[in-house]
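Peer 1: Spelled out, the chains give:
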Amino acid sequence: MIEDKQPVAALEVRGLWAGYDRTPVLEGVSLTVSPGEIVGVIGPNGSGKSTLFKAVLGLIKPWQGETLIFGRSNKNQRASVGYMPQVELVDWNFPVTASDVALMGRYGRLGLFRRPSRMDREAAEEALLKVGLADVRHRLIGELSGGQRRRVLLARALASHPALLLLDEPMAGLDATAQHQLIDILHDLRDEGRTVVMSTHDLSCVSTACDHACCLHGKVIAFGRPEEVLTEKVLSDTFGTHLLTVHLDGKAYAYQHHQHPEPQEKQARRRRP
Amino acid sequence: MDFITEPFDFAFMQRAFIAAGFAAIACAVVGTYVVLKGLAFMGDAIAHSSLTGMAAAFVLGGSAFLGALAWVVPASLAITYISRRGRLMMDTSIGIIYAGGLALGIIIISRVSNYTADLFSFLFGNVLAVSWGEIIGIGVVAAVVIATVFIFYKELLFTAYDETMAAASGVPVRLVQYMLPLLLGVTTVAAVKTVGIVLVLALLVIPAATGILLVRRFLAIMGVSVATAIVTTVVGLYLSFHLDLPSGPAIVLVAVGLFAVAMTVSPSSGILRRGLASDARQRPFEVS
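Taken in sequence, the protein lines are chains X and C. Counting with this note's numbering, you get residues 1 to 273 for the letters of the first sequence. Counting with this note's numbering, you get residues 274 to 561 for the letters of the second sequence.
By construction, these hints were calculated from the structure, which means they are not laboratory data. In this text, a Cβ means the ideal position worked out from N, Cα and C, and glycines have one as well. Careful, some of the hints might be misleading.
[As the list claims (entries may be wrong)] Derived list of chain C stretches under chain X, where covered just means 3 residues or more per stretch with a C-beta under 8 Å from a C-beta of chain X:
1. 335 to 346
2. 429 to 439
3. 488 to 501
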């Protein structure tokens with residue numbers, strides 16, 4: 001399924017500057033992700049996580065710098081990148097089923113004027129099977145649970161058999177069971193040789209699920225194994241607040257003191273119909 | 274039996290059925306996107322701005338239909354263009370086209386003395402006076418609209434569902450961003466003769482809204498929307514003929530009536546179902 005497995009980086013970002021109007025969001029981001037890894041990008045709101053993803057996808061034009069996907073410019077590599085947007089930005093009342101959404105993952109590679117073939121339908125079904133949604137594939141997306149919604153977006157991203165996956169906040173607002181379910185799927189994908197880059201606010205999720213952590217705040221503050229990177233110094237440089245890190249079983253766990261996440265969580269819950 | 278066949282004894286009624294039918298089908302197809310994407314204001318605006326084209330054609334002695342068509346193409350494209358270039362909200366650029374086109378149209382038509390009768394027929398439609406030439410125009414527009422929706426089905430669907438994901442997948446989103454207002458624009462022109470500038474909105478939103486209440490999937494919604502639109506125009510024209518009602522408003526009121534029925538019996542949000550805990554859309558989430 002994955003065509004080239006050369007020792008080239010799955011994703012290489014070099015000196016990337018990007019922003020909106022005249023305000024820079026990314027100020028010289030450089031980053032190398034090896035194939036077959038899960039990388040967690042962490043940083044506070046506005047630190048440039050989504051902007052970085054959009055620049056990699058070619059959805060916004062960077063001011064400077066370049067992005068290579070498997071050694072080639074990102075302009076002609078859309079088919080090899082699977083993207084999962086933040087769940088809040090998706091219209092869950094749109095009258096399509098899980099199957100329809102997974103099939104949309106094939107549309108880009110089909111090009112204009114061509115209808116999905118049996119092969120495209122099979123790829124979509126296979127992606128739904130992989131994320132454990134085969135039995136709800138005929139349900140409207142609005143009828144899916146929070147965890148299922150996340151997985152249907154993942155199935156859409158997987159349907160084109162991308163070698164690199166960019167997941168924007170896949171864990172946000174999920175309960176522990178649903179998070180673990182998603183992490184298991186991501187580990188399966190990694191074992192197939194796929195590369196996963198995901199943004200998250202959840203530091204413990206990076207500690208437990210990711211091979212590398214990338215601390216982002218306009219630029220890369222630190223990149224490395226979670227237990228090396230998630231130190232008090234790096235995290236306070238990234239988040240600008242004091243964080244307590246606890247090292248346990250060789251993993252780092254971080255606790256935020258000064259931020260109160262509950263109101264935001266409640267908001268997210270309220271937004272679900 | 275006379276009740277059914279009598280209108281067909283009159284050539285003007287035959288023409289009215291054909292013209293209104295074509296217009297309603299095109300509106301019902303495009304209306305599905307309008308309702309799902311919240312583009313009602315855009316449809317209303319393009320219809321109103323088309324007065325400029327109709328007025329100019331009227332003053333110059335040309336066909337109001339072709340004048341409107343010639344006007345809505347740049348006007349529709351301008352909506353997306355202004356909003357993109359000026360980084361303005363879509364409804365802001367829609368407002369500019371709406372008011373600008375309407376104002377210019379009124380200025381142009383006011384150059385003709387005794388213009389109120391003609392203005393009235395532009396605003397409220399006069400399908401009973403439709404000519405064969407106009408029917409051909411309406412038919413061609415409807416055919417082009419339906420063919421475009423068919424050919425670009427997957428691009429329109431994906432972009433309507435989620436622009437960002439569609440763009441990330443390599444779907445030419447920019448193309449669709451210009452195509453949808455254009456489709457909407459030419460569709461309103463096809464419908465203006467039937468219900469008039471002021472009531473085009475009804476044919477765009479009411480059949481599709483009826484579809485959303487009755488069925489759940491995208492294509493089914495479009496299908497019910499088309500069926501509703503056809504029933505609406507036929508019944509509306511019968512009522513107009515037998516009760517001597519103005520045709521456009523009669524059609525619109527039938528549409529509203531069908532919508533009210535759908536609202537009552539809808540399986541998802543119907544008034545009759547309220548209280549029964551069978552509402553799928555509001556079913557509490559199961560543990561996944």
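Peer 1: With reference to the structure, classify each hint as holding or not holding.
Peer 2: Structure-based check of each hint:
no.	hint	result
1	335 to 346	violated (count 0)
2	429 to 439	holds (count 8)
3	488 to 501	holds (count 4)
Of the hints listed earlier, the one the structure fails to meet is number 1.
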